[in-house]
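Generate coordinates for the entire structure from the input sequences, incorporating the hints supplied.
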Amino acid sequence: KATGCAFVSYFKNGSRKFIYHIADTASGQFPEPGGIGKYATAFRHCHLMGCSLAINDSICEVGMALAKTVKESGGTVSLDPNLRPEILSIEQCRNILLPGLFA
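My numbering numbers the first residue of the sequence shown as 269 and each following residue consecutively.
One or more of the hints may lead you astray.
[Stated by the list, open to error] Think about it this way: if two alpha-carbon atoms lie no more than 27 Å apart in a straight line, the pair counts; the simulated DSS-like pairs of lysine-lysine are:
no., residue 1, residue 2
1, 339, 306
2, 306, 336
3, 280, 269
[Said to hold, decoys possible] Cβ-Cβ distance ranges computed for the label pairs, FRET-style:
no., residue 1, residue 2, range
4, 269, 336, 23 to 33 Å
5, 312, 289, 27 to 37 Å
6, 279, 341, 37 to 47 Å
7, 281, 307, 43 to 53 Å
To be clear, the hints were calculated from the coordinates, so they are not data collected in a lab. The C-beta atom is built at its ideal place from N, Cα and C for all residues, glycine as well.
As structure tokens, then:
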């Protein structure tokens with residue numbers, strides 16, 4: 269698989285635009301989604317980033333499952349939203365994050 273990449277363009281008015289190529293690249297692959305679960309119960313903390321959860325459904329499912337396992341095992345979970353409209357709509361953000369935030 270190709271390597272993921274991201275580009276950013278800055279405009280004179282101070283705005284910026286990102287272009288991502290991640291979902292179908294090596295960066296968007298998780299070879300054994302269930303493999304990390306056996307270690308997760310020993311984790312004391314799980315930090316998630318919204319842009320990572322937005323890579324693809326598989327990465328999102330693994331991240332949310334990991335957070336749930338850590339929390340159920342007595343650990344803590346933090347979230348840096350860092351959401352980019354170029355890779356995730358507001359509705360998708362709600363569908364991904366709200367169930368996990370109130371679980």
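Results for each hint:
no.: 1; hint: 339 with 306; in the structure: holds (14 Å)
no.: 2; hint: 306 with 336; in the structure: holds (13 Å)
no.: 3; hint: 280 with 269; in the structure: violated (36 Å)
no.: 4; hint: 269 with 336: 23 to 33 Å; in the structure: holds (28 Å)
no.: 5; hint: 312 with 289: 27 to 37 Å; in the structure: holds (34 Å)
no.: 6; hint: 279 with 341: 37 to 47 Å; in the structure: holds (46 Å)
no.: 7; hint: 281 with 307: 43 to 53 Å; in the structure: holds (47 Å)
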